[in-house]
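Residue numbers (this note's numbering), protein chains in the order written: chain Z, 1 to 452; chain W, 1 to 452.
Hint data in this document are derived by calculation from the structure and do not stem from the laboratory.
The calculated lysine to aspartate or glutamate pairs, modelled on EDC-like cross-linking and capped at a C-alpha distance of 16 Å, are:
1. W:Lys340 <-> Z:Glu77
2. Z:Lys318 <-> W:Glu261
3. Z:Lys420 <-> Z:Asp392
4. W:Lys244 <-> Z:Glu322
5. Z:Lys361 <-> Z:Glu331
6. Z:Lys112 <-> Z:Glu77
7. Z:Lys340 <-> W:Glu106
8. Z:Lys295 <-> Z:Glu322
9. Z:Lys244 <-> W:Glu322
10. W:Lys24 <-> Z:Asp353
11. W:Lys318 <-> Z:Glu276
12. Z:Lys147 <-> W:Glu416
13. Z:Lys24 <-> W:Asp353
14. W:Lys318 <-> Z:Glu261
15. W:Lys34 <-> W:Glu144
16. Z:Lys318 <-> W:Glu259
17. Z:Lys340 <-> W:Glu77
18. W:Lys120 <-> W:Glu85
19. W:Lys318 <-> Z:Glu259
20. Z:Lys118 <-> Z:Asp189
21. Z:Lys318 <-> W:Glu276
22. W:Lys340 <-> Z:Glu106
23. W:Lys368 <-> W:Asp396
24. W:Lys361 <-> W:Glu331
Please read these numbers as outputs of a predicted model, since none were measured by experiment.
2 protein chains.
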Amino acid sequence: MQNLDSFFNPQSIAVIGASRTQGKVGYTILENIKLTFKGKIYPINPNTTEIMGLNCFPSVLSIKEPIDLAVIAVPAEEVHKVLEECIGKKIRSIIIIASGFSEIGEKELELKLKDISKGKSRIIGPNCLGIYQKNLDTMFLPIERLKRPFEGSISFISQSGAVGSALIDVIANEGVGISKFISIGNRVDVSEIELLEYLGKDLNTRAIALYIESIADGKDFVEVAKKITKKKPVVAFKAGKTHKGSEAVASHTGSLAGEAEIYSAGFKQAGIIEAESLEDIFDFSKALASQPAMKDNKIAIVTDGGGFGIVGTDAAIKLGLELPRLSSESEKSLKNILPKYGVYHNPIDLTGDATSERYHKVLDVVFKDKNISGVIVMVLFQVPLLGDDIIDVLRDCKIYGKPFVVCSAGGSWVQEKNRKLEGFGIPVYPMPERGIRALWSLYEYGQILKRK
Amino acid sequence: MQNLDSFFNPQSIAVIGASRTQGKVGYTILENIKLTFKGKIYPINPNTTEIMGLNCFPSVLSIKEPIDLAVIAVPAEEVHKVLEECIGKKIRSIIIIASGFSEIGEKELELKLKDISKGKSRIIGPNCLGIYQKNLDTMFLPIERLKRPFEGSISFISQSGAVGSALIDVIANEGVGISKFISIGNRVDVSEIELLEYLGKDLNTRAIALYIESIADGKDFVEVAKKITKKKPVVAFKAGKTHKGSEAVASHTGSLAGEAEIYSAGFKQAGIIEAESLEDIFDFSKALASQPAMKDNKIAIVTDGGGFGIVGTDAAIKLGLELPRLSSESEKSLKNILPKYGVYHNPIDLTGDATSERYHKVLDVVFKDKNISGVIVMVLFQVPLLGDDIIDVLRDCKIYGKPFVVCSAGGSWVQEKNRKLEGFGIPVYPMPERGIRALWSLYEYGQILKRK
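Using the sequences plus the hints, can you model the full thing?
Below you can see the structure in the form of structure tokens.
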């Protein structure tokens with residue numbers, strides 16, 4: 001089987017079904033490829049000779065130069081014909097965007113795609129968005145409507161285009177980076193398993209996230225994932241966990257969803273961290289991509305809002321994390337740093353008149369404490385005496401080499417600060433419970449690494 | 001006992017400890033009161049004669065006119081003296097901001113406050129932020145840092161100032177309105193119970209939210225809440241549920257947190273809907289404040305992204321909600337409206353080429369269907385063919401009189417649309433699981449109303 005590299009590193013792309021009409025799928029895809037891709041682009045449309053300033057061709061067969069990747073943006077009923085032409089043209093990688101295949105019961109129509117390609121080309125899709133990476137964007141969602149993330153180290157495979165792209169929009173807005181996003185749709189050929197293998201070897205990918213409704217081959221999946229999770233963390237969310245939910249899966253990506261318990265057991269066996277909500281997918285991934293694994297369950301909570309400390313403590317204890325006492329030496333230091341009304345035992349409360357300096361001094365003690373293996377810093381940026389240099393204080397916590405996350409709740413002023421932190425590779429969460437879950441995922445990955 | 005009205009409708013306010021120094025608590029409080037309060041304001045500070053263009057007085061005793069409300073913004077050790085003066089001046093309502101009382105073990109210092117007032121005045125605090133409402137803002141958090149919500153119909157009582165104010169910031173950013181926010185701190189006098197009673201009668205409050213670490217008097221609380229929940233919904237979050245968490249409560253608001261199970265049982269008995277996370281507090285409240293209760297558990301999911309429908313279905317089933325089939329008549333209509341690749345059975349999928357018109361036609365069928373008692377509309381606004389008029393389509397769903405919520409995930413472009421919907425009184429959620437939980441809260445309140 002050919003490898004997948006020409007999907008991610010093509011030199012030339014044909015956009016079949018490219019359109020001059022704004023709003024059409026074939027328009028937006030061409031526009032987004034043109035915005036991102038630096039190689040040669042060939043719009044294909046028999047009814048025109050030029051689109052967006054590019055020479056347009058009636059068919060890929062009328063192009064003399066070799067083509068590495070074809071993005072097929074014609075309706076389902078026209079796909080077979082153009083696919084045949086792509087195979088004739090020896091295009092190795094093909095993305096089929098159209099829906100209207102097995103997800104609406106048209107199994108035959110879908111299987112014929114395989115018959116046509118006869119393994120000569122690799123196909124992503126149909127019923128998908130294709131690929132997003134910094135230098136290749138095949139999504140048909142306009143850039144004015146859906147933000148694109150900057151380059152980062154998380155790669156994301158999604159069986160649902162809608163869920164995948166919406167999450168991409170959400171995290172782009174948070175300032176989180178992405179290496180590759182692949183919307184696999186009905187996966188007539190390229191599956192999550194092969195992509196997992198590819199991303200496992202990808203040097204730009206530090207953590208892999210998965211949204212799946214079903215798995216092509218459970219045994220294969222576990223075997224492949226087992227090897228990868230020894231080297232990099234994998235987070236997976238399984239949709240269609242209830243009977244009613246799995247019925248809905250059949251009408252979505254034309255696949256059969258198995259029992260939730262079987263999936264959970266498989267994930268566990270494979271060393272995959274299971275996401276329990278859509279939020280978990282990136283909450284976990286961004287921590288895992290930026291932070292070292294946590295060696296045990298001993299965490300410290302540092303906050304300037306007592307209530308957040310309490311809510312975080314509850315969440316931590318429920319997940320099996322521990323809040324040990326700091327060493328007596330550390331406690332002594334903290335007593336000296338904090339005002340009388342501060343709280344020097346874990347969860348540590350700097351109170352509402354906290355300054356950046358107080359945070360700096362306290363964090364230096366906490367991070368260096370041998371009883372503590374991971375830290376969540378909860379910052380209510382809104383308090384009046386906290387200067388902008390709190391960002392530097394938090395950024396500099398990276399030098400301690402211990403896993404940590406930040407919790408910061410608030411509106412647009414706060415969110416601007418959160419984006420800055422994300423830019424420094426510090427994962428930020430808007431609620432204490434979510435921050436604690438992320439810290440837990442770092443502990444969980446530490447346990448997974450130990451198992452091996 | 002005097003009633004609480006002069007806290008919320010004072011004609012004149014003294015700000016004791018008002019300061020000329022930016023960043024100081026006494027500066028920000030005076031600034032925020034000045035920005036919001038239309039009555040007479042008296043800054044009190046013995047060291048100056050004018051602050052922010054207002055005449056400044058050495059003590060409340062040097063003011064001839066009557067004063068309805070005093071906000072005490074001096075450090076803990078000076079509170080007793082100024083409190084005595086307030087009592088001497090016959091100020092009926094007093095907010096004490098300072099921390100440094102029972103939450104750090106200074107029980108005596110706190111009890112003395114009661115001794116001084118001898119029930120002649122009512123006290124909110126100490127260790128609190130006081131009150132936020134459209135025409136009275138005593139919070140010491142600068143308005144540039146922490147957004148204030150517009151006037152709405154949710155009132156919120158919080159034992160934690162940090163949690164309370166951060167949530168206020170979050171929901172202000174979402175475009176959700178607030179009637180009253182009261183940060184009660186150590187509640188030496190006015191408790192959540194009395195406030196609950198007050199808000200129960202408040203015509204501007206349609207739903208009440210509570211963040212509590214402990215309850216002043218459990219039996220009283222249940223009795224009072226029982227009556228209120230017959231008329232309006234109450235949502236409560238209990239912090240300090242674990243043993244470790246409740247230890248942290250003692251150092252926060254100086255109160256003893258009881259067993260989580262006892263609280264849950266009490267909430268149930270009182271007809272209160274329990275929030276399981278900080279997010280739940282407003283996710284539930286904004287649905288309950290704007291939507292009718294749901295008469296049974298039969299919901300429909302309408303989406304333009306199949307994956308969202310599946311995730312929503314799983315979440316709904318887990319919470320005991322049902323997704324019944326629509327009537328055969330409705331299904332027939334939907335078949336005619338939807339393209340071949342759409343899904344007309346519940347969860348209904350309009351697919352990624354959905355238009356506002358398609359949403360309008362489908363929603364008209366779904367809302368009118370007798371099998372359906374509540375609806376979650378999931379909209380991926382980012383899809384290319386969806387026009388701005390989708391907002392009108394969603395707004396107009398109010399005419400059906402059935403409870404509904406919207407789920408809309410995305411970045412800044414999407415969030416702008418979400419804020420518009422919130423402005424129309426339509427609750428919007430960024431993730432399907434949260435939207436479903438909110439719909440569940442409407443069902444839960446329906447069940448509570450039936451019990452009585």
